[in-house]
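Participant: Single-letter residue listing:
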Amino acid sequence: MSTEEVATLTEQLQLARKEAGYYRKLAQECGERRLKESEELSSLIAQLRQTEMVLMQARDEADAANRAKSQFLATMSHELRTPLTAIIGYSQLMEQLVIAGDYRTVETDLHRIYAAGRHLLSLINTVLDLSRIEAGQLQFDAERVNVPYIVGTVTETIMPLIEQNHNTLEVICPAHIVTMYTDPLKVRQSLLNLLGNAAKFTKAGTIRLTVTQEQVDGVDWVSFAVADSGIGISADQISKLFKPFSQVDDSLNRRYDGSGLGLVLSQRLCQLLGGDITMESTFGVGSVFTMRLPAIAPTEPVLHIARPSPAERAPDEEVPVVSDNIVLVIDADPAVGSLIAHLIGPERACVIYAASGAEGIELAHDVLPELIFLNVLMPDRDGWQLLEALKTNPDLAHIPVVMISIDNQQQRGLALGVADFITKPIDQDAVASALRWLPAPTHTSGYILVVEGDHALAELYQRTLEGAGWRVVIARTGREALTAITTHPPAAIMLDLLLPDMDGVHLINTLRERPGRVECPTIIVISSDLSNADRAQVQGSTRQILRNGAHTFSELTKQLHCCLATHSSTGLKKQTEPPHG
Amino acid sequence: MAKILIVEDDKTNLDMLERLLTIYGYEVISAPDGARALALARSQQPNLILMDMGLPILNGWQATYRLKSSLATCHIPVIALTAYALSEDRARCLAVGCDDYDVKPIDISRLLVKIQTHLERTTAVGSVATTPMVSTDEDLGM
Chain A
5 MSTEEVATLT EQLQLARKEA GYYRKLAQEC GERRLKESEE LSSLIAQLRQ TEMVLMQARD
65 EADAANRAKS QFLATMSHEL RTPLTAIIGY SQLMEQLVIA GDYRTVETDL HRIYAAGRHL
125 LSLINTVLDL SRIEAGQLQF DAERVNVPYI VGTVTETIMP LIEQNHNTLE VICPAHIVTM
185 YTDPLKVRQS LLNLLGNAAK FTKAGTIRLT VTQEQVDGVD WVSFAVADSG IGISADQISK
245 LFKPFSQVDD SLNRRYDGSG LGLVLSQRLC QLLGGDITME STFGVGSVFT MRLPAIAPTE
305 PVLHIARPSP AERAPDEEVP VVSDNIVLVI DADPAVGSLI AHLIGPERAC VIYAASGAEG
365 IELAHDVLPE LIFLNVLMPD RDGWQLLEAL KTNPDLAHIP VVMISIDNQQ QRGLALGVAD
425 FITKPIDQDA VASALRWLPA PTHTSGYILV VEGDHALAEL YQRTLEGAGW RVVIARTGRE
485 ALTAITTHPP AAIMLDLLLP DMDGVHLINT LRERPGRVEC PTIIVISSDL SNADRAQVQG
545 STRQILRNGA HTFSELTKQL HCCLATHSST GLKKQTEPPH G
Chain B
468 MAKILIVEDD KTNLDMLERL LTIYGYEVIS APDGARALAL ARSQQPNLIL MDMGLPILNG
528 WQATYRLKSS LATCHIPVIA LTAYALSEDR ARCLAVGCDD YDVKPIDISR LLVKIQTHLE
588 RTTAVGSVAT TPMVSTDEDL GM
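One line per chain: the protein sequences are A and B, in this order.
Using the numbering used here, the first residue of the first sequence is number 5, and each one after it goes up by one.
Using the numbering used here, the first residue of the second sequence is number 468, and each one after it goes up by one.
Chain A extracted, bound-state conformation (with noise of 0.2 Å):
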């Protein structure tokens, strides 16, 4: 090789690593440059996944505070009509009466109308008054305020309410308590409406009206507890007490009036003040509630925006169930019939309760129930005596007694004809054997729903189902036809996609992700061809897809005949009530 080769070739080989070096920065530079834009990617994606994260939840919430503006108006809307069927119902009755002549009783109706409307616009204030609150429109006028003179005043109005269920009231109030500046008349609205319920939920028992004093860092604060030895409230039920329009045994079974906005708005008129109102209960026992506030109160009004909770249940979840079988829990203890509802569950039974032996008989009597529930220890009668009046009435004989006792009295109880035995503390287990006595659950009921915007077509599918000899119920739109399905399973759906609030597509998914989801043949009826994508998702829950006029009535019923026969051969057989009475 000649040194001029050599030369060259040196030449090329640093030209050669010259180029590797550069290519060698080049790839570094590139991979950092990667690394950067990956991780300026990675961070990108957290701040979206964080907005993804943020637009959720003000979603959810903007879902929670829809639907709880929906329950108002629909409360809102039950709770105006109450009276407002008196003041039109007794308006059109005074009609007839006059004109026949007959007026004995018009001052006694006036009344009435009168005592309607009356209640009507205290309730339209109260909303008035909550809204205001929510609005930061509401403001308080402070003044000095003698506490004994306050306490006196109220005590004297609530008086006669207190002696309508016969109750006692004691008032206990230090005579030298710290001088007060406050909104008189908000302290008074709500120390009223904490008596007025003390008085309403307790019969023949004691309220207690107990007034401190004390003082936290400096500043002087007054409690008024009220206390009563009512009917009390568990722990899970507290938590609505504080809810627009909830009452708490609010399943519509409502043995108490009352709008549930008295003390919500109390709260609220405490809150403002810069206080609070607080609650302690023992279910069967009684309740106090604390009305706490400053002596002094805040130069502005104290603004608490209520939020709705997403975690709240959907209203649709809420709707009762209807249930065959019910069951009749006659024990003393309210706490014992809550603790054998929440066991058995609204699907499998509707329980009631008899809280003595004697409301216990008559109850069975009424309703005839599937299974009693009865405790061996009740105030008026002996539970075996009870035991002997159920067993030897002909029509109540044959209905099964669990007897519930402290100590197991097996022997005893299998001799007198007792179905089963459990003792005190009740465990779900003993209950859910218990409950083998139930007939088994029917699944299925005669009705077909129809579900179908169009008046005229629902009519004429009505008509003819009902010539075949079904019961139809309409539902005009997706939700009539969810609340329906959800009060009480039809025996089979017929489905228009096309509806006017949902897509039938969406009705069948959201009944199959319901949790304990209905059984029972779908037959949808499409006005249009169907994309074999929403296909494929409906059908798995769907017996037939007929495709609307092209298939006579007659095969529309037959199909049905034909669906109910294979769904009912499916292993869910049906059974027959028993004629009562």
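A few of these clues could be false.
Calculated pairs, BS3-like style, for lysine-lysine (alpha carbon to alpha carbon, straight line, at most 25 Å) [as the list claims (entries may be wrong)]:
no. : chain 1 : residue 1 : chain 2 : residue 2
1   : A       : K204      : B       : K478
2   : B       : K581      : B       : K478
3   : A       : K29       : A       : K40
4   : A       : K428      : A       : K395
5   : B       : K470      : B       : K581
6   : A       : K207      : B       : K478
From chain A, some residues computed to sit far from chain B (all C-beta separations above 12 Å) [unchecked claim]:
no. : residue
7   : A208
8   : V325
9   : F425
10  : K428
11  : A485
These are computed hints drawn from the structure, not numbers from a lab.
Note that CB positions come from ideal geometry on N, CA and C, so glycine has one too.
Add chain B to chain A, keeping to what the hints say.
Facilitator: Coordinates of chain B only, in the frame set by chain A:
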């Protein structure tokens, strides 16, 4: 004279409705809760029932379902008469077996038309009991 059972827990509204229907020539009996309603429907066999829904002890939905599940009472038409006035409420009442639905505040002429329609429909069927809601296989044609 047709006998109507009014199931209503509000005393004022019960008094009003009782007297109105009496003026229009109906014999009226009443129950303050769902449990009493079941017993009275069985023993008194009214020609029609006006059922409030928010009732104590046994609510109107459960009571109606029970009435319609029993051979002794399933033939008696039940009209839901309730302050629950959303369109879902109508569906809910019909799903448990109510034959008709009317909202409060009542309009007496509207209610009278409904009462008359159902009374005529049941008398046209005669004394033949209609099928109970929880039916046997034969009832569904199987």
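Participant: It remains to establish, for every hint, whether it holds in the given structure.
Facilitator: How the hints compare with the structure:
1. For the proposed pair K204 (chain A) and K478 (chain B), the alpha carbon gap of about 17 Å is at most 25 Å, so the pair holds.
2. With a C-alpha separation of about 23 Å, the suggested pairing of K581 (chain B) with K478 (chain B) holds against the 25 Å cut-off.
3. For the given pair, K29 (chain A) sits about 16 Å from K40 (chain A) by alpha-carbon distance, which is consistent with the 25 Å threshold.
4. Restraint check: the Cα-Cα separation between K428 (chain A) and K395 (chain A) comes to about 23 Å, which is no more than 25 Å; the hinted pair holds.
5. For a cut-off of 25 Å, the pair hint linking K470 (chain B) to K581 (chain B) stands: about 15 Å separates their Cα positions.
6. Restraint check for K207 (chain A) and K478 (chain B): satisfied, since their Cα atoms lie roughly 19 Å apart, inside the 25 Å limit.
7. At roughly 19 Å from the closest C-beta of chain B, the C-beta of A208 (chain A) stays outside 12 Å, upholding its exclusion from the interface.
8. Not every CB of chain B is more than 12 Å from the CB of V325 (chain A) (nearest about 9 Å), against its label as outside the interface.
9. Every beta carbon of chain B lies more than 12 Å from that of F425 (chain A), the smallest distance being close to 27 Å; the non-interface claim holds.
10. K428 (chain A), annotated as away from the interface, keeps every beta carbon of chain B farther than 12 Å; the closest lies near 25 Å.
11. The beta carbon of A485 (chain A) sits about 7 Å from the closest Cβ of chain B, which is not more than 12 Å, so the claim that it is off the interface is violated.
This entry does not satisfy hints 8, 11, going by the numbered hints stated previously.
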